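Produce the complete structure using the sequences and hints provided.
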Amino acid sequence: MVTKMSAERIGHSVRNIEHLSSDADHRSLVRFEHSSDRRYISMIEKLKEMAAEAPEALQSRAQSGYFGGSIQVSK
Amino acid sequence: MTPHTASPSAKPHFWRIQNIKIRERDAAIEWLQEQVNDLAISEGQGFSLAADSERTLCATLTSYECPRPTHRSWHVDKDFIGFTPLCDPEDANVDIVAVTGLGGHALGSFRSTDGLSVWLRDFAPEEIPRARFLTYGYDTAVVASHSNQGVHELAHTLLDGLVTFRQRTQTHRRPLLFVCHSLGGVVLKEALVLSSKITDAKQKRLLEVMTVTYRLIFMGVPNLGLKHNQLETVVKGRRNERFVKDLLVNSDGEASQILSHLTSDFSDLDKRRSLPFEIVSYYETVSSPTVVVSVHRGNFTQLLYNLADYPCYRT
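If you read the sequences in order, they're chains A and B.
In this note's numbering, each number is its position in the first sequence, counted from 1, plus 51.
In this note's numbering, each number is its position in the second sequence, counted from 1, plus 1.
Some hints here could point you the wrong way.
Stated by the list, open to error - Here are the in silico distance ranges between beta carbons for each label pair: (1) B:34 to A:69: 22 to 32 angstroms; (2) A:55 to B:41: 30 to 40 angstroms; (3) A:110 to B:115: 38 to 48 angstroms; (4) A:87 to B:39: 23 to 33 angstroms; (5) B:72 to A:64: 52 to 62 angstroms; (6) A:72 to B:72: 43 to 53 angstroms; (7) B:130 to A:71: 21 to 31 angstroms; (8) B:74 to A:55: 48 to 58 angstroms; (9) A:64 to B:243: 27 to 37 angstroms; (10) A:55 to B:258: 19 to 29 angstroms.
No lab work stands behind these hints: they were computed from the structure.
Predicted model, so just to flag it, every value in this text is computed and none were measured.
Cβ coordinates follow ideal geometry from the N, Cα and C atoms, glycine included.
So this is what it looks like as structure tokens:
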């Protein structure tokens, strides 16, 4: 199994990570039986929230023009 | 066609049908519906049909037998290498991209126990109706072969393939969300770091992947690599040594060089961003034989090693 520590060490100081446990083994982490599956609901709700906010969040950031890359992206 | 409910152990396969012309859409839907007629599907349709370029559509299908298309130009495969669209809403405003683990299957790794449904295709799209779902499949030959491809090359292939797919469907500026399983998360992190290091304005499209990526879901990603000192021996001379070297924890329990660089590069990238990544990371709590990497040999998937036996890096 992938240890909790290994799963958590995404970066030394990545600012915004939420760690959640899932009572499944490694393979079953991404396998869900139906749309009322408890583990599925946990994940899809996160995904839904992310999807709803993504376009807006990126748009407001696009106004600053700088994304953290090495070149500026023109609008 | 005989219904297959009698044999619970037999699982259906996932098929991909490419090169369906836009004008053949109706014929394709009719044909796909016929194919899934006898399946006892509880959720979803058992198939999908979505644009993979301005002129063509790509279908996926759940079926016990290899489908025989009515059009000779339709191309059937079950490897799912590269990007496969699973839905294609007209008003889509975000791409959700699933990245399986190395040696995993772009659809099969996400299936239900009966093998009939895949949440990415069969029930998630209706919950997030304005998202286009894509799934990424690796060429497992890369993992298995003598090729000198490591994490870096796999990440580059993913990045380039994603840019190409989004260009071909005129969607290259759309925000991106990723759902990564297992080593797929390591490859994606490397792809984002690679993307951020693009300095050539001609490759602006590659940089755009990082700039439009905001949120990630990681499921059991072994950020510190795999521990198994004997793995190198198992693999030596026969398999892709470079790949194994990239992911293996050394005898002192330290992550490989590439993986420790990756954690710090990814951190640096996050620090530089005006808007930090938002990540939800799930870790497993049930210990059981865990296939992280499997390698195709002929038609069979040979399980090469298994994380439960070779626990990850611990301090």
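Verification of the hints:
1. B:34 to A:69: 22 to 32 angstroms: At roughly 41 angstroms between Cβ atoms, residue 69 of chain A and residue 34 of chain B fall outside 22 to 32 angstroms, so the hint is violated.
2. A:55 to B:41: 30 to 40 angstroms: About 38 angstroms separates the Cβ atoms of residue 55 of chain A and residue 41 of chain B, which means 30 to 40 angstroms holds.
3. A:110 to B:115: 38 to 48 angstroms: Roughly 41 angstroms apart at Cβ, these two residues keep to the hinted range, so it holds.
4. A:87 to B:39: 23 to 33 angstroms: Check passed, 25 angstroms falls within 23 to 33 angstroms.
5. B:72 to A:64: 52 to 62 angstroms: holds (54 angstroms)
6. A:72 to B:72: 43 to 53 angstroms: Because 48 angstroms falls inside the window, the suggested range holds.
7. B:130 to A:71: 21 to 31 angstroms: holds (25 angstroms)
8. B:74 to A:55: 48 to 58 angstroms: holds (50 angstroms)
9. A:64 to B:243: 27 to 37 angstroms: At 29 angstroms between Cβs, range holds.
10. A:55 to B:258: 19 to 29 angstroms: holds (23 angstroms)
Of the numbered hints listed earlier, the single one contradicted by the structure is hint 1.
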